[in-house]
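Chemist: Chain by chain, the residues:
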Amino acid sequence: MKTYYNPEDLKKFGKIGEFQKSMADKFFDYYGEVFQEGALTAREKSLIALAVAHAIQCPYCIDAYTVDTMEKGCDEEQMMEAVHVAAAIRGGASLVHSTQMMNKVKEISM
Amino acid sequence: MKSLKAQQHPLSKIEYELEVLDTPIKGISFADKLANSNLFPLSPTQIDIFQINMGKMCNQVCKHCHVDAGPDRKEIMTRETMQLILEVIKKGGIKTVDLTGGAPEMNPEFRWFIEEIRKISSEVHIIVRCNLTIILANPKYHDLPEFYKKHHIEVVSSLPYFTAVKTDSQRGDGVFDKSIKALKMLNEVGYGAEGTGLQLNLVYNPAGAFLPASQEGLELEFKKRLKNSYDITFNALYTITNLPISRFLEYLLRSENYDSYMEKLLDAYNPVAAANVMCRNTISVGWDGYLYDCDFNQMLELKVASPTSQHIADWNKKSLLEREIIVKQHCFGCTAGAGSSCGGATA
Ligand code: SF4
Ligand code: SF4
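Same order as they appear, the protein sequences are chains L and G.
So in UniProt numbering the end of the first sequence lands on 110, straight run, no missing numbers.
So in UniProt numbering the end of the second sequence lands on 347, straight run, no missing numbers.
Please note that the accuracy of each hint is not assured.
Across the chosen pairs, the derived CB separations fall in these ranges [claimed, not checked]:
#1 G:Q7 with L:I16: 22 to 30 angstroms
#2 L:R90 with G:E216: 32 to 40 angstroms
#3 L:I16 with G:E216: 31 to 39 angstroms
#4 G:L18 with L:G17: 39 to 47 angstroms
#5 G:S43 with L:K2: 29 to 37 angstroms
#6 G:A164 with L:D29: 40 to 48 angstroms
#7 G:T163 with L:I16: 35 to 43 angstroms
#8 L:I62 with G:H152: 46 to 54 angstroms
#9 L:I56 with G:R254: 56 to 64 angstroms
#10 L:A42 with G:E188: 45 to 53 angstroms
#11 G:S43 with L:Y31: 37 to 45 angstroms
#12 L:V105 with G:K63: 52 to 60 angstroms
#13 G:A164 with L:G17: 40 to 48 angstroms
For lysine to any residue, the following SDA-like pairs were computed, each having C-alpha atoms within a straight-line distance of at most 25 angstroms [claimed, not checked]:
#14 L:K45 with G:E221
#15 L:K2 with G:G27
#16 G:K166 with L:T66
#17 G:K166 with L:K2
#18 L:K12 with G:K227
#19 G:K223 with L:G38
#20 G:K264 with L:V105
#21 G:K223 with L:M79
#22 G:K63 with L:G38
#23 G:K227 with L:E76
#24 L:K12 with G:D143
Hint data in this document are derived by calculation from the structure and do not stem from the laboratory.
Idealized CB from N, CA, C, for every residue including glycine.
Please take these sequences and the hints and turn them into a complete structure.
Modeler: Spelled out as structure tokens, the structure:
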């Protein structure tokens with residue numbers, strides 16, 4: 001069955017430079033540096049990436065950062081907590097906009 | 001749970017296991033990779049370490065065990081074989097004796113053997129790979145911490161994670177709680193405490209088809225968690241990669257993770273780790289006295305390629321130093337990422 005997403009395509013990520021090399025090179029250099037140990041540990045960065053992957057709902061990133069967080073020594077509980085952070089921010093982002101709705105309601109109501 | 005041997009599982013047949021491991025990954029063999037790193041044929045640098053398999057008997061039946069150990073395994077080393085090993089230790093040159101199994105403590109000659117090594121030398125470094133739960137398995141083992149301390153033994157113990165769920169999923173129900181109790185008993189006699197010189201090192205290995213985390217970062221995390229939750233201290237954490245042998249191989253094949261796991265190991269090949277593989281300064285002795293390049297080759301029954309010195313009774317250091325180390329696809333487990341050995345990362 002043909003689908004838009006194919007797990008095998010994840011392995012081809014590094015080959016996007018085939019169509020535009022210089023930008024891809026810059027991107028991957030940057031990407032590599034972002035995930036180095038820094039003020040945040042590589043482990044913390046991996047958990048952030050896992051949470052963001054869920055927020056943007058990218059199946060490739062979810063796949064990659066599930067493995068990566070496990071290979072950084074995280075367990076299921078920590079990973080699920082990271083996803084809850086993403087969910088809380090997503091849910092919160094919707095809900096906080098309700099203040100706009102509430103403002104408008106009040107503006108046009110007697 | 002039974003051992004693969006007791007289940008008469010196809011993978012308990014070495015020929016079948018070797019057939020799986022003889023197939024190159026993406027057309028590439030471990031020997032090819034070594035050749036690219038100018039390391040083929042792989043040769044020993046020295047013989048500093050004796051890793052001795054005291055037997056396949058164990059009180060646990062861990063899902064990933066490369067020894068296929070368990071209570072149903074009866075193969076254990078005899079006193080006669082140990083005598084032959086002592087003769088070699090007497091000749092000098094062996095710096096470390098690393099006792100493994102199964103649960104080495106279940107061999108009735110275990111204590112005698114250590115006492116005899118200590119009679120020869122107080123200097124030889126002795127390591128016991130203790131699975132922790134053995135200390136609580138029977139009252140006759142409760143004094144093991146004192147025994148280790150008396151003979152100044154380094155204790156190396158597996159604890160796949162600092163939570164019960166992950167530990168028990170790999171090592172069996174209730175193993176985590178018992179391991180914590182045993183670690184407390186070791187701490188009580190001074191193991192893992194600063195200034196005592198009594199080394200207590202833990203081993204982490206992934207509970208599944210993925211690579212281990214960085215040793216440094218995970219050690220900090222383990223230290224923090226074990227101290228805060230259980231008031232347990234230890235010296236170092238060794239991260240070890242699971243090699244595709246025996247029960248871990250069975251898991252990989254059954255869960256259809258074998259190909260992707262092998263590709264992962266291949267992609268993570270690190271030439272620095274390859275130069276530092278443990279077989280280059282170790283000889284592994286089987287329960288029946290045969291000699292191997294490492295504990296993994298032992299389980300695959302690949303005796304050293306040194307035809308005149310394949311058994312401890314025929315010990316010939318010169319010929320062993322001139323041998324070629326036997327490598328197959330399982331060796332990719334020793335060279336992935338930061339490398340893996342019985343002492344943790346190598347690169
Ligand atoms: S991994 Fe160690 S403790 Fe577990 S069954 Fe094998 S020998 Fe026993
Ligand atoms: S599996 Fe054994 S022989 Fe192969 S590289 Fe590792 S230690 Fe050496």
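Chemist: Let me make sure I understand: some of the numbered hints might not hold for this structure. Which ones are they, in numerical order?
Modeler: 1, 5, 9, 10, 15, 17, 18, 20, 22, 24
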